[in-house]
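Asks: Here's the letter readout for the chains.
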Amino acid sequence: MDLNQLTIWEAHEGLKAKKFSSEDLTNACIKRARERNPEVNAFVEITEDFALEQARLVDKDGAAGPLSGIPIGIKDLFSVKGYETTAGSKILKGYKPPFDATAVAKLREAGAVFLGRTNMDEFACGSSTEHSCYGNTKNPCDLERVPGGSSGGSAAAVADMMCIGAIGTDTGGSIRQPVSLCGSTGLKPTYGRVSRFGVIAMASSWDTVGPFGKDVKDLALMLQVMAGNDKRDSTTPERPVPDYMAALDKNVKGLKIGIPKEYFGEGVEDETRDMVMNAVRSLEKQGAILQEVSLPMTKYALAVYYVSMPAELSANLARYDGIRFGIKPSEDGSDLEEYYRNVRGEGFGDEIKRRIMIGTYVLSAGYYDAYYKKAQEVRTKIIDDFNRVFEEVDVLCGPVSPYPAFKFGENLADPLKMYMADVLTIPASTAGLPAASVPCGMSSGGLPIGFQVIGRQFDEENVLRVGDSVCDMNKF
Amino acid sequence: MSKITKEQVEKVAKLARLNLTPDELNKFADQLSSIFEHVDILSEVDTDGTQPTSQVTGLTNVMRDDEVDSDFCSKDELLAVTPLPVERGQIKVKKVL
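Those sequence lines, one after another, are chains P and X. The first sequence: position 159 = 175 (my numbering), numbered continuously. The second sequence: position 44 = 450 (my numbering), numbered continuously.
Bear in mind the hints are in silico, worked out from the structure with no lab data behind them. Watch out, some of these pointers could steer you wrong.
[What the hints assert, rightly or not] Derived DSS-like pairs (lysine-lysine); straight-line CA-CA distance at most 25 Å:
(1) P:Lys-344 / X:Lys-412
(2) P:Lys-247 / X:Lys-481
(3) X:Lys-498 / P:Lys-389
(4) P:Lys-76 / P:Lys-35
(5) P:Lys-433 / X:Lys-433
(6) P:Lys-106 / X:Lys-409
(7) P:Lys-247 / P:Lys-266
(8) X:Lys-412 / P:Lys-433
(9) P:Lys-389 / X:Lys-481
(10) P:Lys-266 / P:Lys-315
(11) P:Lys-112 / P:Lys-301
(12) X:Lys-433 / P:Lys-112
(13) P:Lys-112 / X:Lys-500
(14) P:Lys-344 / X:Lys-498
(15) P:Lys-389 / X:Lys-420
(16) P:Lys-423 / P:Lys-433
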């Protein structure tokens with residue numbers, strides 16, 4: 017087995033036993049990335065020298081923690097001091113942040129090796145990584161299909177063995193959906209569990225930071241390092257971080273699993289539904305107790321999201337004005353306002369302009385109550401739904417995406433159709449709940465199908481435990 | 407109320423400080439209309455007496471001292487990333503009035 021194919025835990029064991037060095041491991045990943053990236057385009061930059069320098073440092077001092085010496089991919093919206101960070105947008109071309117994001121600083125401290133920046137939909141807006149200024153990322157399972165999005169680069173890089181693990185963000189499904197389409201694993205933690213300081217913001221009441229790996233153990237190890245309070249992100253509570261690896265030692269016996277009937281309804285492909293139900297039944301065989309539940313507000317989540325998210329996005333993206341960072345417009349214009357309009361018109365891509373327009377519209381005078389306030393009220397109703405079912409069950413299980421990876425261009429002309437790709441991931445985001453995506457089988461066309469586990473707020477332990485059980489049974 | 411006109415798109419683009427091409431204006435009028443048609447589904451939900459949610463984990467008013475942490479990142483490092491000229495520690499921009 018080539019070193020780049022190892023999981024984090026396997027690589028850590030190998031490093032500890034001195035079977036190979038971090039430099040060997042890093043070189044194996046770089047070699048694979050150099051071979052495959054021209055085709056897959058998962059990385060927008062491979063920081064080879066930086067990675068090897070970090071790897072040699074670990075080799076000199078000896079691998080300490082489980083992430084020490086492990087090469088990871090970093091979604092192009094995490095500030096990494098001195099390295100270009102653009103959120104897949106032309107408007108930030110050339111911007112090198114003068115500080116590290118907290119998640120990045122913690123990974124650096126833990127000895128992780130930064131292999132490079134992974135591709136993404138511009139400002140994390142998209143479900144296919146077709147909205148990046150660096151071009152499309154391709155799905156490594158079928159190069160004619162999308163990898164999902166917005167973290168398509170991180171999901172594809174891990175699935176295609178170009179790196180051992182990766183990090184990304186999930187606002188309405190941007191970790192879970194690409195992972196599901198590429199066949200890797202990913203976790204969207206509870207809102208506030210991981211600091212977003214230094215992460216380029218999309219929609220601030222929704223954004224979360226999370227890990228990508230080859231198995232659930234990888235997710236637990238990465239979350240362990242990144243989770244916790246950060247004085248620079250006031251949404252991170254002062255709440256102890258449990259031992260996530262210990263949670264994986266327990267099995268699912270006696271665990272109550274809710275099956276929301278709305279997650280298996282119209283629009284979900286038969287094959288996806290069958291694969292997910294097979295995995296649910298194996299959980300039952302392992303001692304989990306199944307219960308059908310209903311979340312009747314599910315069908316409103318997409319509409320809530322497409323009011324609240326663009327509103328927050330349009331406010332967050334007001335800071336891209338070509339003054340403090342990023343590019344200048346080709347024509348300065350006669351005054352400051354024209355300068356703003358020029359740089360934003362040139363620097364933002366199609367999807368970003370569309371969402372800024374939606375957001376500005378719903379926040380404008382006369383529409384605020386009808387759209388923005390209404391959406392926030394319906395959001396409360398969706399949260400009430402989840403609170404009610406979580407009185408009866410410990411986790412909820414269902415599909416991640418209603419269908420496997422689609423072809424390039426298939427949903428580009430019709431934004432609403434593209435937005436529907438996230439119809440099963442948005443509800444958990446609405447309520448700030450932790451949710452994992454793990455592979456549970458392949459379609460007849462050879463495309464991965466993902467299984468979603470949703471837990472109570474701050475109950476990543478049960479989410480990871482159930483995900484791990486699904487992953488394990490899938491290996492045989 | 408869901409049909410969005412080209413004029414509305416133009417007005418919103420101006421509010422958002424966004425230059426749009428004539429093609430974009432037409433396209434967005436159509437696309438936004440269809441998106442808002444979907445969003446109108448929200449009016450089905452009875453939300454009388456329901457409080458709006460803006461924060462999901464129950465935290466409120468987290469305060470800290472307003473202190474400059476210059477060890478973390480210096481003023482010069484921050485000024486170094488502007489695409490515009492810097493004069494006397496300030497970024498020089500186009501005239502405002």
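Asks: Decide, hint by hint, whether the structure agrees.
Replies: Now for the hints, and whether the structure bears them out:
1. Taking the CA atoms of P:Lys-344 and X:Lys-412, the gap is about 28 Å. The hint is violated against a cut of 25 Å.
2. At most 25 Å may separate the alpha-carbon atoms for a hinted pair to count; P:Lys-247 and X:Lys-481 meet this at roughly 20 Å.
3. The straight-line distance between the Cα atoms of X:Lys-498 and P:Lys-389 is roughly 39 Å, outside the 25 Å bound, and the hint therefore fails.
4. The straight-line distance between the Cα atoms of P:Lys-76 and P:Lys-35 is roughly 15 Å, inside the 25 Å bound, and the hint therefore holds.
5. For the hint pairing P:Lys-433 with X:Lys-433, the CA-to-CA distance comes to about 16 Å; that is within 25 Å, so the pair holds.
6. For a cut-off of 25 Å, the pair hint linking P:Lys-106 to X:Lys-409 is broken: about 31 Å separates their Cα positions.
7. As the CA atoms of P:Lys-247 and P:Lys-266 are separated by approximately 33 Å, the hinted pair breaks the 25 Å bound.
8. At most 25 Å may separate the alpha-carbon atoms for a hinted pair to count; X:Lys-412 and P:Lys-433 meet this at roughly 22 Å.
9. Distance restraint check for P:Lys-389 and X:Lys-481: the Cα-Cα separation of roughly 39 Å exceeds the 25 Å cut-off, and the hinted pair is therefore not satisfied.
10. Restraint check for P:Lys-266 and P:Lys-315: not satisfied, since their Cα atoms lie roughly 34 Å apart, outside the 25 Å limit.
11. Of the pairs offered as hints, the one joining P:Lys-112 and P:Lys-301 is violated, with about 52 Å between alpha carbons and a cut-off of 25 Å exceeded.
12. For the proposed pair X:Lys-433 and P:Lys-112, the alpha carbon gap of about 34 Å is over 25 Å, so the pair is violated.
13. Proximity of P:Lys-112 to X:Lys-500 is assessed by CA-CA distance (about 24 Å); at most 25 Å being required, the pair is judged to hold.
14. At roughly 13 Å between alpha-carbon atoms, P:Lys-344 and X:Lys-498 fall within 25 Å of each other, so this suggested pair holds.
15. At most 25 Å may separate the alpha-carbon atoms for a hinted pair to count; P:Lys-389 and X:Lys-420 meet this at roughly 23 Å.
16. Simply put, P:Lys-423 and P:Lys-433 have alpha-carbon atoms about 13 Å apart, close enough for the 25 Å limit, and the pair holds.
The structure shown violates the earlier hints numbered 1, 3, 6, 7, 9, 10, 11 and 12.
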